[in-house]
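Number of protein chains: 2
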Amino acid sequence: MRSNSLLKFRKINSEKDPGYGYLTPIQYPDEIPFAIKRVYYIYGTKSNRKRGSHAHKKLHQILICINGSVKIYLESADGKKEVVLNDPSKGLYVGPGNWREMSEFSDGAVLLVLASEKYDESDYIRDYDEFVKYIKKQEK
Amino acid sequence: MRSNSLLKFRKINSEKDPGYGYLTPIQYPDEIPFAIKRVYYIYGTKSNRKRGSHAHKKLHQILICINGSVKIYLESADGKKEVVLNDPSKGLYVGPGNWREMSEFSDGAVLLVLASEKYDESDYIRDYDEFVKYIKKQEK
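Going line by line, the protein sequences match chains R and S.
Residue numbering for the first sequence follows the numbering used here, starting at 17 and increasing by one per position.
Residue numbering for the second sequence follows the numbering used here, starting at 17 and increasing by one per position.
If you're looking for bench data, these hints aren't it; they were derived computationally from the structure.
Don't take each hint at face value.
All copies of an identical chain are treated as equivalent in the list; a pair is satisfied when it fits inside any one copy or across any two copies.
[To be verified] Straight line, CA to CA, 35 Å or less: simulated DSBU-like cross-link-like pairs of lysine-lysine:
id, residue 1, residue 2
1, K106, K152
2, K106, K149
3, K73, K27
4, K106, K87
5, K62, K27
When you get a sec, could you build the whole thing from the sequences and use the hints?
Okay, structure coming up:
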């Protein structure tokens, strides 16, 4: 699996009644490549603010924009990438070694994150220069 | 723990910058009484539709209205209850033996559910009369 990639989840609906809405189920190993140890969600972020600005050494995550839209910038040994998440049935897999920045939160945007480990501050790389050195070292 | 109860989660924000928004983290055993084996979310449901109308024999769940609002009706051996969920930092714990109905979904409502087990059709009670018999038998 690449260090980051877009996943498509099911949208279970009622053929007889479109107004019934959708249900998107996620469990390991059917939809995602890790068991969920932690979830968190981000909301109430103004459109001109940026969040994230860190990488993880071991953590695997799935980012899902469950309402509204948000722009995700990723940088890893594979290169740089920008993804706009605006569909609750799309999940962005982000593996270890990805610097991520979230921006352009729409009004009412909610970003749900599923994580492979419990919170561990020692797993974070919060300094960009340190991150660049870290992925160069990994490549050797 | 009672068969259902309202939980309050943290809303982590930046004191210096209210526009930065909120982050609500959830992991076992810190915020919830079970490890998460499955998540699902419901969206796009029209306000005049009703969802749910079933109970579980073993499953524990947390219901969180992560955007908008939704009304939850619960019926268990403890009695009947109605709760309006309209705050991403509130979670409704729903244990085994609760008949649940979700209604009055607001425009853009998203209901996130954290579940203690993987999907298992044999754990569902989908017939209301069968449910009433089931909880009477449990009380003996």
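Here is what the structure says about each hint:
no.	hint	verdict
1	K106 with K152	within (30 Å within a copy, 43 Å between copies)
2	K106 with K149	within (31 Å within a copy, 41 Å between copies)
3	K73 with K27	both (32 Å within a copy, 25 Å between copies)
4	K106 with K87	both (13 Å within a copy, 27 Å between copies)
5	K62 with K27	both (29 Å within a copy, 16 Å between copies)
Checked against the numbered hints above, the structure violates none of them.
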